[in-house]
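First to last, the sequence lines map onto chains A and B. Using the numbering used here, the first residue of the first sequence is number 1, and each one after it goes up by one. Using the numbering used here, the first residue of the second sequence is number 1001, and each one after it goes up by one.
What the hints contain is simulated information worked out from the structure, not anything from laboratory work. All C-beta atoms in this analysis are idealised placements derived from N, C-alpha and C, irrespective of residue type, glycine included. Heads up, some of the hints might be wrong.
These stretches of chain B come out as covered by chain A in the derived footprint (C-beta under 8 angstroms, 3 or more residues) [as the list claims (entries may be wrong)]: (1) 1101-1109; (2) 1166-1176.
Just a sample of chain B residues kept apart from chain A, beta carbon distances all over 12 angstroms, derived [claimed, not checked]: (3) 1130; (4) 1198; (5) 1201; (6) 1315; (7) 1361.
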Amino acid sequence: MADIAGGAATAGSAGAAGGALQAAWTRRLLLALLLAPALLWLFGLIVLPHVDLAFLSLRERVAPRVYVPSLAQYRSFFSEPLYWQVFARTALMSALATVLTLLVAFPIAWTIAKLAPGRLGGLLLVVCLIPFWVSETVRTLGWMILLRESGVLPALLVHLGVTRLPVELLYHDATILVGLVYTSLLFMVVPLVGSLESLDNALIEAAYDLGARGGAILREIVIPHAAPGITAGCIVVFMLTLGNYLTPTLLGGKNSMWFTEQIYTQFITRFNWEQGAALGFLLLLLSTAMVWLGLKLSGQRFSDVMRRA
Amino acid sequence: MSAPPSAGTGTPSAGGHTPSAGADTPDLEAHHLGKRFAAHRAVEDLSFSVARGSFFSILGPSGCGKTTLLRMIAGFIPPDEGRILIGGRDMAGVAPNRRPVNMVFQQLALFPMMSVAENVAFGLARRGVARAERQRRAAAMLERVGLDGAGHKRVDELSGGQRQRVAIARSMVLEPTLLLLDEPLGALDLKLREHMKIELKQLQAAFGTTFVYITHDQSEALVLSDHVGVMNHGRFEQLGTPQELYYAPATPFVAGFVGANNCLAGQAVGLDGAIVAVAVGSGGAGPWIVHAQRRGGVAVGAAATVFVRPEATALARSATELPAGLPVHAGAVTSLLFDGANSALLLRERLSGCEYRIALPQTGQYADLQVGAQIYFSFDPERALCFEAAAHG
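With the rest of the complex left out, here is chain B (with noise of 0.2 angstroms):
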């Protein structure tokens, strides 16, 4: 878990690289990969690395290439550029079931021939291990993932969680450099993917092993990563700390795909230091002026992209009542979306009419607030980012 500072921040080292599997060396690395099928690039010039014992995420919508990464770093499918090494050595060439990589599948993929313990026991059946050792090491990776007893059970007779934690113990066991996990909570329900996101966290940091895991979902990868790679056309958009990516992405994408954000889209009409003046929307009364961290080069008079955080939004049902010093903004109230912590209104600006999300505050003091009340909002412009719209995806 303690990922030295350089982990994870995507440059490469240029020039040959000595095959020593030093405690510094990265488990894994990847430079410049690309694939392509047909005319689609699927992953494009990719470079990241990633240190020893730490959980790195990939994160991306579906079709961003995250798939087509993963079974590279696994072997199912050779990359046609670039190189991977892992515990720094090269992989060119090496077939799946030679690499020091195991995966756990999306669907798991728990062979429903064989009982839990022949699972776990496959791979090192596969090495030549005697079968009482072989039995022994099953049995203690079960009793480590808190399984003990279960050996003897078919696969279908286990719950969701059990089977995931099956699918990693049988990698575990033969214990990789690296471990890779396809999405494996989709399956889940709702509730039951929360629980094993926390245990997936602690059986990591209890093995220490490095984790890489690809997904959709952004709570999964701010929750469980060191550092997570967001990823777009075959591209990382941004790598870096859950934290970096929500509270500075470096690209509307990120802004927009990673945690909740209100996109306001307008014209740059005033520079002030590293505020930038927009103005929003100009169906309604006249335009809304909204200020803006500046981020890349907006300049005055281009199409720009505001993100601001519901939960980074003072609320009031009078303009005094909001901090002091900063702009105030008004709007009716549209629609109330109770949901317990993550309660939040829609209300329309009151000049540009925009729909704007603002995180409703634990206290219940807006538990009696109506649709169509009118409100005062605000927001710090040192927490709000205004991109340039051209590259906005």
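Chain A with its partners taken away, still in its complex shape (with noise of 0.2 angstroms):
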């Protein structure tokens, strides 16, 4: 005790400042030791794999074993129909799976958040985790036997009378569609929330005093000041939805025409990893393009959404 006491006495007047320094080399390794899972996960899962796959896509096989650097991949995309318009259908598709997700997201998050109190509310959010409870795969299978030719549902309406022979409900758009917006509820019903909570009851009523009636009040009140967390719930569904892979082929079968599925098709069954690998890029730089335009046209700044999400 006496020997350590000592030497800080001694270190004490030498090297306060070296203290100092040693103080902050402290703080810097804490903070790179606290962010070591996250960057390994980061680095080695989303950056290594994706660099390997920019090499793969910008190569040509031009005879077995025999690989040239090409866009001719890139280039492939814009000259074969099927790749673009795929890709169009996918991305109209995710933009009105989001648009449907917000209209059916907003009443139920202005529920939680405004309309339930305390307690209530916080069981309605757990109510909409319930489903993730279960596995996205059983979750999609259970859809198909509700709406499968022999399912329950064309039962249903054959036995109410409303069709005469069961109907096939699968394997169309609009199931498609209702898969999405189930899978993506979730991510859009907790910004929302999130962001209507932190709004003044005291300014709807201020609205209301003033005259205004709902709909004045939802267009200049709740939507301004909801909007960077309908941003970021519209951009998390929108990325969740062009990304999704499972519901769309589960549920729309071989119409989905998904643009996974032909990124999939790419490397699993045709062995085409160049293709897969420029379609996956491509996938990721127009989605992304598509982000910053709709931050563009609504006028949010992506920091602001990010703190919302």
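Taking the hints as your guide, dock the two standalone chains into a single complex.
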């Protein structure tokens, strides 16, 4: 003990600055250690494979085991109508699913944030979470059991006399949309609840007091206030939907024509990793461009939006 | 500002009301209003009227039901019983956005997503006023409240006092029959609050609109109002001018709540016309006998409470310096509370040991007074009030 105390006393006069420096280093080391798992994950699972995919996408096979650098894979996306048409269709369907999710989620979020008092609001949020306790595959198979020709819903329709014979409700675009909205709902509800909860009720009352009706209050007060939350929810849902593979494939069958399916086919069925990598990169770039465009059009800043998400 | 003498005296006209908007129709009338939340009676059998162009305050401690009353007038909550008439029109079933009433909220509730001018023009837009006309009227209103040229600013760029004025402008631009103000000065710091008090009174005089103002701050109510209703437990304890409340409180609650007062509890021991003799305290050397005006039916032997204003008490170093003809009391100084014009001292009365507060005169002649000093004091029994203690809330 005496030894340590003596050492500290001599060091104290000599290195007040040294102590501060050491404290700064300790802080930096601590920060690095805390961030290490996230950085390893980001680098190992996101950056490295993407670098490899980038190299893959930029070469062309000219003979067995002979590759040359080329942009042919990217060129074929634009020259081959199937690729860009499937992409356009996927993007449009995703945008539609995003809008539908917003329309369904808004009343739910409003109820949770403004109408349900205290614990009831939390309970409702848990109810929204319950579907996620079941794996996505099982959930989607559940939809299939309900909707297929020999399934529950067509039988019910026949029983009620709405249709004479059971109808096939699977493999339609509408079915895909229903599945996508269902899967995405929570990711829209959560940021919406956050932004609606922060809206002061007095603002709504003040608008009402100044003569506004429901529509005007929604347009002038609620939506401008909730805009970052709405944008955050839309970005998350759009990206999730665009990159979804299971739901469109299972519910849409062969007709689904989903872009992720094209990528899967290139990698797994056709062993054309070069084409698959190029399509993967195009999905990344084009979806990023669309999100950027959406932010520009709605006048939102990315940093504000992400704080709400 | 020229209120008819009948205004605010709380006498509801019985029977049918003819909805005529004549000059002497009160802007606001309440008849036997009641509201309960579960078992709690927030507002109970309230009746009052507010004359056109007057400044009416509802003063009460938090939880007395004044916010409930204001929200019923604004239309946010329906009354369980009774009627509200605004400008002679019955407001039953009329939604807040259709009432000729606007409200300045406690936290002002300015719209942060809009500029100052857009805030002011919001109500006009809802009425379908054309854009150019809207902008012109919003600018004119901003000029009237002394904010010309601030229309393009964001709400959070304004100071507290400026925001206050925007909130008033936003309501006044709609030319309401009645402007409701829900403790709008509560969020401001003391200095600004004093300033805004004056400004609010001047604005009300300039617009001539009827203001209904709720507050728990008795100084705000006294300074601003033509008439004040003191509210407690959902009822009006007293309705009157600030002077009436201060000089002639009707109940012990009003006496204790409006202005500073010494509250002396004791027992009535003698009655001489309108003057009661009360024996205060028994813990000390003996009872301290004080004389006060009889209010209500205080009987000899009953428990009584005497209220004496600190500023109605004369103070002297020797008994001979006090005004002649009044009972002389004595005590020892326990604290000196220096607060500029509001300076006071606390003393312990010699016989009963009761604490008593005396306002120090502004002459500075007691500046050298020390804690522990023996002093003499007296007050005119005509200016002290004695209530029955049972009613003391």
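Hints versus structure:
Interface restraint, the region 1101-1109 of chain B with chain A: holds (7 residues with C-beta to C-beta distance below 8 angstroms; minimum three). For the region 1166-1176 of chain B, the assignment as covered by chain A holds, since 3 residues bring a beta-carbon within under 8 angstroms of that chain's beta-carbons and 3 suffice. Listed as a non-interface residue, residue 1130 of chain B keeps its Cβ farther than 12 angstroms from every Cβ of chain A; the least gap is roughly 16 angstroms. Listed as outside the interface, residue 1198 of chain B is consistent with that label: its C-beta sits roughly 25 angstroms from the nearest C-beta of chain A, beyond the 12 angstroms cut-off.
No Cβ of chain A comes within 12 angstroms of the Cβ of residue 1201 of chain B; the nearest lies about 23 angstroms off, and the non-interface call holds. The Cβ of residue 1315 of chain B sits about 48 angstroms from the closest Cβ of chain A, beyond the 12 angstroms cut-off, so the non-interface label holds. Look at residue 1361 of chain B: its CB is around 46 angstroms from the nearest CB on chain A, clear of 12 angstroms, so calling it non-interface holds up.
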